[in-house]
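Asks: Sequence:
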Amino acid sequence: NGVNTNVFSIYGLVPNQSYEVEVMGNKKTFKTDHESVSLNVKDFNAVGDGVTNDTNAIQMAILSAPKDARVFIPEGTYLVGPIFLKSDITIELTKGTTLLYLTDRNAYPMMPARYIKHDGSFYELASWEGVPAKQYASMITGINVSNVKIIGEGVFDGNAQNGDWWVNHKVMRGAWRPNGLFLVHSDHVGFQGVTIKNTPSWNLHPYFSNDLDFIDIKILSPKDSPNTDGCDPEACDHVNVIGVDFSVGDDCIAIKSGKYDLGMKYRRPTSNMVVRNCMMAYGHGAVVLGSEMSGGIKDLTVTQCYFKETDRGLRIKTRRGRGNSAIIDGITFENIYMDNVLTPLV
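If you use this note's numbering, the sequence shown corresponds to residues 6 to 351, in order.
Honestly, I wouldn't trust all of these hints.
Said to hold, decoys possible - With a Cα cut of at most 25 Å, we get these calculated PhoX-like pairs of lysine-lysine: (1) 322 with 175; (2) 270 with 322; (3) 154 with 122; (4) 270 with 303; (5) 154 with 36; (6) 122 with 100; (7) 139 with 32; (8) 270 with 228; (9) 100 with 175; (10) 91 with 47.
Stated by the list, open to error - Pairwise CB distance ranges (calculated): (11) 14 with 41: 37 to 45 Å; (12) 337 with 175: 43 to 51 Å; (13) 325 with 35: 25 to 33 Å; (14) 126 with 227: 39 to 47 Å; (15) 270 with 14: 33 to 41 Å; (16) 166 with 115: 35 to 43 Å; (17) 172 with 287: 15 to 23 Å; (18) 36 with 325: 15 to 23 Å; (19) 37 with 172: 18 to 26 Å.
Since the hints were derived computationally from the structure, they do not count as laboratory data. We put the beta carbon where it would ideally sit given N, CA and C, even for glycine.
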């Protein structure tokens with residue numbers, strides 16, 4: 006029947022309404038969340054013609070949304086720069102909607118690495134490969150946000166193949182490259198149904214964040230695109246990656262907790278992470294631990310996944326100098342099917 010997943014999303018439901026779902030004789034009743042108001046970005050002068058810069062219109066709709074609101078982005082192609090999230094809202098991209106990202110670096114604000122707070126602690130805003138570092142704002146950026154959902158059947162297209170993000174990619178030009186999603190010090194954030202593709206660097210980079218759900222989404226980048234890891238949680242707790250279809254140019258999932266200075270300062274592992282019912286295709290590694298893991302990695306379960314033509318299946322990467330908190334513990338792999346994987350375990 007053309008069905009290639011066993012994780013499904015249901016669309017078109019009404020807020021604050023009870024429903025019953027039956028699958029193979031098993032019934033489950035649930036109630037959809039309350040919604041205070043729905044804001045259509047077209048009412049904020051978004052055009053959606055793929056030519057007009059719609060960044061400000063979409064950002065204004067987000068900033069105007071009250072608690073428990075939905076920001077609705079209807080069918081169309083919206084040319085945008087970085088979009089910043091706020092707490093307690095849902096953003097929906099309906100089927101046929103694409104956010105097409107600008108390729109001009111000047112359209113991307115630079116995020117400072119961090120500030121020193123008055124109490125001597127750090128306020129961090131950007132990171133690159135395990136250390137705080139100046140970075141261009143990501144396609145979707147969430148700083149200290151809570152209770153955010155991004156849902157629907159639409160597409161976030163980073164458009165990196167038409168810019169210079171992948172050219173001389175090891176050279177920092179102004180700042181390091183944006184991610185698809187960068188979350189810092191955020192919690193209870195969920196992505197469901199959407200596609201993220203052609204990102205300048207890592208697709209999903211949650212950083213020191215908690216209670217994250219990535220469900221029934223697609224993460225797609227060309228096989229030769231540099232550093233386009235699929236999902237790289239760094240020093241995060243309670244992360245669910247369920248029913249995700251990965252096809253990327255680097256590791257599908259790379260679990261991290263910072264290089265030495267970050268690990269020694271916070272000693273915070275990535276922990277309580279579940280990866281299940283995922284397809285991981287063509288990446289360098291399917292599930293990789295490290296190498297920036299000075300805070301440790303604990304309590305990871307990977308189950309019921311299909312690894313297709315990745316260079317590695319499970320890969321544990323480390324090096325000297327990661328520190329005495331770089332402990333890997335409680336890792337479970339079960340019910341994994343590997344198809345033409347060069348090295349299943351290394």
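Asks: Where does the structure disagree with the numbered hints, that is, which hint numbers, in rising order?
Replies: When the structure is compared with the hints, numbers 3, 6, 7, 8, 9, 11, 12, 13, 16, 18, 19 turn out to be violated.
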